[in-house]
Every structure is written in C-alpha cells, then in structure tokens.
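There are 2 protein chains.
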Amino acid sequence: MISIVVIGFGNVGSHLCEAFKKAKDVELVQIFNRTKISLPESLKHIDFTHSVSDLAEADIYLLALPDDVISEFSEKLPKNKSLVVHTSGAVSMNKLNDKNLRGVFYPLQSFSRRRLPDYEKIPICIEAERSTDLRLLRKLGESISNKVVEVNSEERSRLHLSAVFVNNFVNHLYHISENLLEEANLDFNLLKPLIRESALKIDTMSASQAQTGPALRGDIKTLEKHLHLLKDSQFKEIYEQLTSSIQETYGKKL
Amino acid sequence: MISIVVIGFGNVGSHLCEAFKKAKDVELVQIFNRTKISLPESLKHIDFTHSVSDLAEADIYLLALPDDVISEFSEKLPKNKSLVVHTSGAVSMNKLNDKNLRGVFYPLQSFSRRRLPDYEKIPICIEAERSTDLRLLRKLGESISNKVVEVNSEERSRLHLSAVFVNNFVNHLYHISENLLEEANLDFNLLKPLIRESALKIDTMSASQAQTGPALRGDIKTLEKHLHLLKDSQFKEIYEQLTSSIQETYGKKL
Numbered sequence: 001m002i003s004i005v006v007i008g009f010g011n012v013g014s015h016l017c018e019a020f021k022k023a024k025d026v027e028l029v030q031i032f033n034r035t036k037i038s039l040p041e042s043l044k045h046i047d048f049t050h051s052v053s054d055l056a057e058a059d060i061y062l063l064a065l066p067d068d069v070i071s072e073f074s075e076k077l078p079k080n081k082s083l084v085v086h087t088s089g090a091v092s093m094n095k096l097n098d099k100n101l102r103g104v105f106y107p108l109q110s111f112s113r114r115r116l117p118d119y120e121k122i123p124i125c126i127e128a129e130r131s132t133d134l135r136l137l138r139k140l141g142e143s144i145s146n147k148v149v150e151v152n153s154e155e156r157s158r159l160h161l162s163a164v165f166v167n168n169f170v171n172h173l174y175h176i177s178e179n180l181l182e183e184a185n186l187d188f189n190l191l192k193p194l195i196r197e198s199a200l201k202i203d204t205m206s207a208s209q210a211q212t213g214p215a216l217r218g219d220i221k222t223l224e225k226h227l228h229l230l231k232d233s234q235f236k237e238i239y240e241q242l243t244s245s246i247q248e249t250y251g252k253k254l
Numbered sequence: 255m256i257s258i259v260v261i262g263f264g265n266v267g268s269h270l271c272e273a274f275k276k277a278k279d280v281e282l283v284q285i286f287n288r289t290k291i292s293l294p295e296s297l298k299h300i301d302f303t304h305s306v307s308d309l310a311e312a313d314i315y316l317l318a319l320p321d322d323v324i325s326e327f328s329e330k331l332p333k334n335k336s337l338v339v340h341t342s343g344a345v346s347m348n349k350l351n352d353k354n355l356r357g358v359f360y361p362l363q364s365f366s367r368r369r370l371p372d373y374e375k376i377p378i379c380i381e382a383e384r385s386t387d388l389r390l391l392r393k394l395g396e397s398i399s400n401k402v403v404e405v406n407s408e409e410r411s412r413l414h415l416s417a418v419f420v421n422n423f424v425n426h427l428y429h430i431s432e433n434l435l436e437e438a439n440l441d442f443n444l445l446k447p448l449i450r451e452s453a454l455k456i457d458t459m460s461a462s463q464a465q466t467g468p469a470l471r472g473d474i475k476t477l478e479k480h481l482h483l484l485k486d487s488q489f490k491e492i493y494e495q496l497t498s499s500i501q502e503t504y505g506k507k508l
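Respectively, the protein sequence lines represent chains A and B. Under this note's numbering, residues 1 to 254 are what the first sequence spells out, in order. Under this note's numbering, residues 255 to 508 are what the second sequence spells out, in order.
Keep in mind that the hints were calculated from the coordinates and are not lab data. Just to be clear, a hint being listed does not mean it is correct.
Sample of chain B residues with no beta-carbon within 10 Å of chain A, all distances over it, derived [stated by the list, open to error]: (1) Ser257; (2) Lys276; (3) Arg389; (4) Asp486.
Computed, partial: chain B to chain A, Cβ under 8 Å [said to hold, decoys possible]: (5) Ser397; (6) Asn400; (7) Gly505.
Ideal placement from N, C-alpha and C gives every residue a C-beta, glycine not left out.
Input sequences plus hints: build the corresponding full structure.
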C-alpha cells in the first residue's frame, strides 16, 4: 500500500485525488491546500489540512502546485525519508529542495475542473533520483494509468513544449475560428465534427499524411480570398504565418 | 427517388458515392472521372464513364472537382433541366455556368481516402437559386446526414476559412509537435490522449473557457524556457506569434 499526501487542490490536484481514492494499493491519507476549501462529497472522509505543521506521514508528498511556488514550498516541508514529487511539465526535478528524496509525477493531460478525464489513458511521466523511488512512482502511476514512462527533466520540458502546440495553441485556433464565425453570425457547432475528425485522424496517420487545404495545394485564389475576408482581422497574420509555414514544410512555397 | 451522377472520384467524390449508394431514396446512376479508374468492389455495379458525351440523365449532377476546374467543367455539360451542384467550400455558386440550374452541396468535413467518415454527423451546407432546388438538395442531404443547413456563398466562404483554422492549421500544429518530439527522440503517441481531449473539450465548453497554458497565465519563465528550446527551430516564430495572440486575446500582454 502506497500512502500519499496530495498538496494543492487545483485542477491537477483535485483530479489526482479522485483517481488515487479509487485506486487499489494507494491510500490517500491527507489533502493539503493553502486556503481552507470544502472537499467534494466523494473526498469528504479524507483528512484535510491547510497548515504545513499538520502534515501527516506518508510515503509520497505530491505537490500539485503552480510552477512558481513548487521550489519554495518544498523548502517548507519537514525533512524526512519520504519522497517529494511535483506534477509540472516545465519545472526541473532539481528545483525541489534536496533535503528530501525528489521525483516528478507528470500526467500529460490538460485538466479542467468541469471535465472528468479518462485517467487510464493519460500518460504519466515519472522521474526520480533513486531506482527504488522510480519503482515506487511506477507503481503509483500504474495504479491509475495504463501508460507510465520514465522521462528526464530535459525530455519532459520538450514534451511540455510540444503539448503547448497541440493543446494551448490548437485551442487558440478553435477560439479564432469561433470568433470569426460569431462575427458572421454563423454557428460554431457546424465545425465540431471537423474538429473531432481532425484530432482522431492522427490516430491512424501521421500529421503530414493528414495535411490538406489551400496552403498545401498552393491554391492562390483561395488564399487570396481568405486574406481578403481577414483584411480587418487581428488574426490575419496568424493565417499568413501558418500558411507560409505549411508551404515551407511541404516545399510548395509560392 | 433522386437520381444523381457524381462527377469526379477524388476524396470527396468517392466518399459521397459510397454514402449515396447506401442511401434510401437516392439512385446513383453513374460515376464520371476524367481518367479511367477501377471502382472499388462496393461500387462495381455502378455505370462508369470518362467521356462527357456519355453522361447519363439524372436529376442532379454533382461536381466533386478541384476548385479551379469547376467553372470550366460546368461549361462542358450539356444544357438540360437538371440541377448542377459543386461540393466546394471556397467557390461561389455563380461560378457554375448559368445554362443549367445551379446549386451547392458542401459537406463540411475533411475527407481522406483511408478513413471512413461518420456521414450522419457531417453538416451538409446547401445553396440553390430556386426553392424547389433547395428542397431537392435538402432531401439529398438528409438521405446521408442528420444536419443539413442552408448557407449562401458568402457565408460558405467564411465557414471554409474557419475550417482552415481548425483543420489545416491545427493539423500543422500536430505536425510541428511531432517534428519537435522526433528531434528529441520522444514518442509522439504520448501526446495523442491530449490531442483527443483538447478536441473533445470543445463539445462541453467554449474555446475561451478551455484555454490554459503559460501564455494565458503570463508565465514568463516557462515562455523563456520554451523559446530557448526553440532557438534554432523554424517554428520559433509561430510559438511567439500564437503566444502574443493568446495574450492579446485574454488581456495579459506582457
């Protein structure tokens, strides 16, 4: 049985608490949050504290905290023989204070309060200094996911960078599209099947095989028509830059 | 029963042929393609021609052709009382020769030869000059889809522009991400659950509600780290521009 204290009850922390609570071989002994919060019904019976001095003993302290407070918070923790891990894609393991054993437990997913993710399919990227700690983190990861991979801090930062492209930037393109349709009084729902298909396609072919559209075809008439529609839009430059990049990538520079 | 001749057996034409063949109340009487092709087993019994003079009679001639040949091809068609429609998002209805009745039947989806789309969920955007033709196109659309909407040429070009953002440009971001991971010897499959979740999220919340990440948070440390990782990359400017655009959109300009 792995005992764990989850520190921070934001998007990542709250979802991991729910997952650990349901997991076999994991005992969620305590939840810490800087401010007092009311736990959801499903976690009501879990011990809660907002004071560092009241932290319970556990095998693992999991810091689900904003990137910029991870280092500072790890200093405040009592020195003991437990493993302290953070859940960030962008923060190196060695930002954790070295008075304790250190590691990383990074779920490669975007969590929103309102959506239940499919935990089993979320890749968990683990890192630790000692092989026994790696084994412990692997066991913890496998208690909630089918995919646990060892990834060092340098690799993790590259994964995180790529995740920004396929999640944050892709979502911004959805926003741009929603915005353009709103201005034209058109229903964004019409694009949802296309959005879904564009994502699912990637399961069965590479992105370069899936690429289509006027930029790839070098279809100047359509490109000009689109730039005309965007002539007063703040998003015109994004259209131009992504079009150029597609043309450079596929060697059809106009 | 609506009789139809499909002209052009590319990605759109071939998928529509399969759909019409299965549809009730639609008779696919002939397939035309400029070059001789061998039809798949499922369409073997359908009459095929590659000669305009051999075109069969039908209620609707559906031109599933590249944008730049639609106008020219519509001139070659015999003058009769049939309805001639094209399937393009970017071409105005009036680019069709006016010797025949004109219309548009635009399935808002990205078709790939190797993937079977879920026809029922593909929005079909229809346009025609006469209300009887609109009714006919609606009936044809409803024979294969649950979502048929009337959209004029101006609206359709805006839908098509937005589709470029959520399909072509999004797919290019997938490619960039795949490329960055390849360079670091990391497995692109690790990102697929995130790609899927990013697309599915849009079903239950708006893109602006779903936006997360370092650009939105104004997390300068992470942004600088990412730009450093991208310092020799051809994709650095895309990172910078999309980051700025997110910050302008959500008012967190740094």
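Results for each hint:
no., hint, verdict
1, Ser257, "holds, 28 Å"
2, Lys276, "holds, 19 Å"
3, Arg389, "holds, 21 Å"
4, Asp486, "holds, 13 Å"
5, Ser397, "violated, 18 Å"
6, Asn400, "violated, 10 Å"
7, Gly505, "violated, 13 Å"
When each numbered hint is compared with the structure, violations occur for hints 5, 6, 7.
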